[in-house]
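Chains as they are written, first to last, in the numbering used here: chain G, 1 to 274; chain C, 1 to 358; chain V, 1 to 583.
It is worth saying that the hints were derived from the structure and are not from the lab.
There could be a bad hint or two in this list.
Lysine-lysine pairs mimicking DSBU-like chemistry, simulated, CA-CA at most 35 Å apart [what the hints assert, rightly or not]: (1) K392(V) to K378(V); (2) K232(C) to K151(G); (3) K378(V) to K329(C); (4) K171(G) to K144(G); (5) K151(G) to K171(G).
Here the structure is a predicted model, which means the values were calculated and not measured.
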Amino acid sequence: MTLLVASQVTKRFGGLSAVRALDFSIEQGSIVSVIGPNGAGKTTFFNCIAGFYHPEEGQITFDGMPIHHLRRDQIAHLGIARTYQNIRLFAKMTAIENILVGQHFRLHGTWIGAVLNTAGVRAEEVASHDEARRLLRFVGLAGKGDVPADKLPYGDQRRLEIARALATQPKLLLLDEPTAGMNPAETAQMTAFIRSLRDELGTTILLIEHQMRVVMGISERIAVLDYGEKIAEGTAREIQTNPRVIEAYLGSGSAADIAGQDQGEIDVTLPSGG
Amino acid sequence: MRTSTVDRITEVAIAAFLWAFRIVVVLVVVIGSFLTLSSGRYAWETWSSLIVSGLTTGSIYALIALGYTMVYGILRMINFAHGEIFMGGAFAGYFVGTMFASIGLLSQGPLVVLFAVAVMIVVAAAFSTVLALLVERIAYRPLRNAPRLVPLISAIGASYFLQYTFRGVFGAGIYVYPDVALLGQRVPIDFLRLRWVDVLVVVAAVVMMTGLYLFVMRTRMGTAIRAVSEDKSTAELMGIDVNRAIVTTFAVGAAMAGAAGVLYALLFDQVYFYTGFVPGIKAFTAAVLGGIGNVPGAMLGGLFLGQVESVGPTLFLDGFNVPSVNQLKDVIAFTLLVLVLVFRPSGILGERVTAQRA
Amino acid sequence: MTNQAVAPVAPDAPVALAAAVDWRRAVRMGLLFGVVALYVCLVGMVEVFQPRALVTGIITLGQTTMVLVGVGAAYLTIRGQSMDRAGAAAAGALAGAVAGVFPAVLVVIMELVNLRAMFLHASPGTSAVLTLGLGVAGAWIPIVALAIVGAATGLLLTARTDIQRPAAAALVALLLTGLFAGLLRPPLLASPFTAALGRFLFASDGLTVAGAVIAVIAVVGGRIAMRRVNLRSRVAALPPERQRAIRPFSLIALVLLVLWLPHGVGPFFAQVVAVVALYILMGLGLNITLGLAGLLDLGFVAFFAVGAYTVGLLTSTAEYGIALWPFWAAVPFAVLLAMAFGAFFGLPILGIRGDYLAIATLGFGEIIRILAGSDLLKGLLGGPRGIINIPKPIEVPPDHLLAGPIQIYYMGLVFALVVAFVAIRLRDSRLGRAWLAIREDEDVAEALGVNLVQTKLLAYMLGAAFAGLGGAVFAGLLGSIFASSFPLFVSINVAALIIVGGMGSIPGVVVGAIFLIGVPELFREFSEYRYLFYGLALIAMMLFRPEGLLPSKIVQRELHVEENVDPGLGAVAASWEPKGTRR
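Make a model of the complete structure from these sequences and hints.
Below you can see the structure in the form of structure tokens.
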């Protein structure tokens, strides 16, 4: 079933249309990527889904329900979680505390219960700590729960951010450049991990990525944005051979060059960043 | 979508509250004014003197507010010690004025008196500037990159320190400004209750504010200050001497405040070590009212606040037979402030500071 | 400050003495402290402190201020430099002398020109202190005196460590006991057992010579004794089970000490502690609003006032009391009403951004204060005359154990402890985590499902509840309240003590209250200059230790992780930003 449908989404900043008349849909249980050169509007689109921006035109529905005008916390309650391009962990809080914040709205202990230390609150705290530790193990950070988030190495921070997002028990997970700054070994690990998220947890995943290895490796569908518009959509193979895509990334003229090459797997590592 | 009851209640409560707030304020203002005016209790003379008083106090608030708004614009910092800078100017003016009085300068003809007052203002402005630059150097400069609350506390400390330094050096007594007979006389216009000192204050304020506006808009340093206020790092990259811009901002704001100190003391005849505190707060309110970081906004905010404070209690509340309306003048001023912040947070003219990621 | 480079010297040539001494630094420090000396004279400390002695008949407090100036000049000249003894003495003397020039010049000018018209304290009194009564003829005295002081400081700083430490400790002890003589003397005189001792140690204006000697001996002896016994490492060397067994005993000892204190030290001390306890209460409340949730509330005193007036109105036996309830029945109402005000004020303004929130709340606080004292509400709230005859929490006959300041002391402490307990529970709860997350990055917190408005409102309301409780206790303990008891100053004080103590940290609130409220109260004697030093202390704290005295993460990390990391300014920077919502 279709989990998310974006239709004719337009987001403007002053005179600039960051995203223009975008149509996009995501099937439940799939891994979908959005790619495009710098400034193409990928993160803006993410922000529209997650409620950080509200589109001027168009609408976005999730699970049948329109979400484009909702507050961020309402969107989280519905089951959408995200990570950030520049990691935005709660730097001064420990890893486990970060995850516990993610669990916030899934827990129900009141502050009165906390002050009175009722049995219910105590039990819930134990359970939530256990769950947080389980998530840490799941992302490979077992035993690092008490480390302040800003003291973790970079790769661990990315994992922690994902763990925190998972704590909200999302149906749809938005990952914004999860492999940025990683070396090939780490990238491979992260790719496998993302796949396991879908395979083991059933989470639908929407990915912004620049590393084509990752994109082509795990995406079932890929959408390509350029200057705010979707210029192509399809499977990895279709995208790789789409002349408009190649032109957007490498400039005009290169489409013809590449078309003339062998039709094997094109291993293009596109300029990342931004 | 499931919405919790608490959610709904809060949303409804907020909306209801805001509407109730608006309605109550409008009702009080409209009905109160109507009642007061129709009761005919107050003659035109009373109103005119209230309006004039609002103009003069407002001009002073505007002058002080400029310092707050410019420093906030360039450093995102509330200069809590600015009220004391204002008071310092008043004190400096006092000593010059007393000296002039002792040689009889203040009882001469209008041109001489004007000259004497001008000298008082200049000396006061200079003294305030020096004071402000010292404070900036010692208490603020090292903290330029600190999180916001740190310079705020330092400013509070500087404010106390200055207040009690003045108390120590000059004593806790009230210093009465020398009497300038000429200024106390009424302007020969019949339908307005105007004294020459009122004219002086308003004219001086307007002149200074115009000067400041031209400075900020037309000169190189003024443009530099605006640039740094908008985007410090880019301005730096463009080769602007950020430090000089900041120091100039402090200096200019302080000069305005120092001059305002003399004008205030001429209006109210006295100054003591605590004089700076309340006008300081009011002036900051005015700056926020007009849109913090916005220079014309500070001027407008000051004048507006002055009028509301002066005319408001009588106009809005007297009709309801509220006793001692003038006790409540600050209540009106602060209610105005809250209204503006709730319904138009960027101030009347809109703030000129770049929106911070909250 | 640049270290003067040591000139390259042939290996067998004698080292030139002058090369090791940074003369220019000495002069610079001398100039700086000369200005300080001038300031100290003109602001009147020299003259005002003169009647008070450090050690009776030997040195007055006024003279002490000048001595301290000299010490300061020399200290900053020599610290961090490597000098030998003679060089240090010389440099210290130079710094002191240069500093001394300024007061000397002042004395001369005062003789020539009547500065008194402008500077209240440019007076014969000041001149007499500076010149030891000789007037202009003694204008050289400050220069020489400060030179001597500077030299002595230099010698002390370059003395052997085992002489330096005890000597410095002795001097500090002397200074402190002399300063606090006014506090220490009355309780000693009050009790017949210690009266004689009191008179022996303290004269009416300061330490006696005997007292000074004993203070020095006590400190030095105490240090030596501590070294010998070496309690700390002996305890640390014990096996862990023994260490844990000791803890309850030390805890009990501490509790007993706290319980005994007001009886032993006197009613003034009891009152000071009560005031500190009330500020701790309020501080814990604002710690939630500001320290945890990051909302800069400068109108906090309004909730304090609501709590106080509620208790006042409900319990007072005088004309404005409306119900004649007992104190304990009124308290819950006070808290609830304060919370309601918190909701009432909070709802409209929670959308306002950071610094504007500060001003908006400041406005609310002032509105409440003015309305409380206004003629408009005089019929209800007593106007400027306030509400009086509020009964104490526990009504006892006058000679009962719990009468007067003693009850204030105990009640204050009990309430502070209870509230601290609640605050800890809140901080460690799900809600506390949400607050911290909002303070760190509220956009992300919201995206994780935290409802910003509700959570911030709760922070605001719970903070108000604490303040309301504080107000209720305040009313009960003081017996009468006036609108003038609730000025803006109180709100600023509470915010300052949180920041100075360490934001978000509960022990920090306690420490902040002790330093910013308790210590100035102890210095009541020097009332005019308390706030001067208070302001200076605030600036100094922000310049040198902006993360606060006991920042929360340090406390946490010391408890859980072995590393002792000093966060430093940059590291805690992010946790500080007061957040408003985006609008």
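These are the hints, each one checked on the structure:
no.	hint	verdict
1	K392(V) to K378(V)	holds, 24 Å
2	K232(C) to K151(G)	holds, 29 Å
3	K378(V) to K329(C)	holds, 17 Å
4	K171(G) to K144(G)	holds, 26 Å
5	K151(G) to K171(G)	holds, 30 Å
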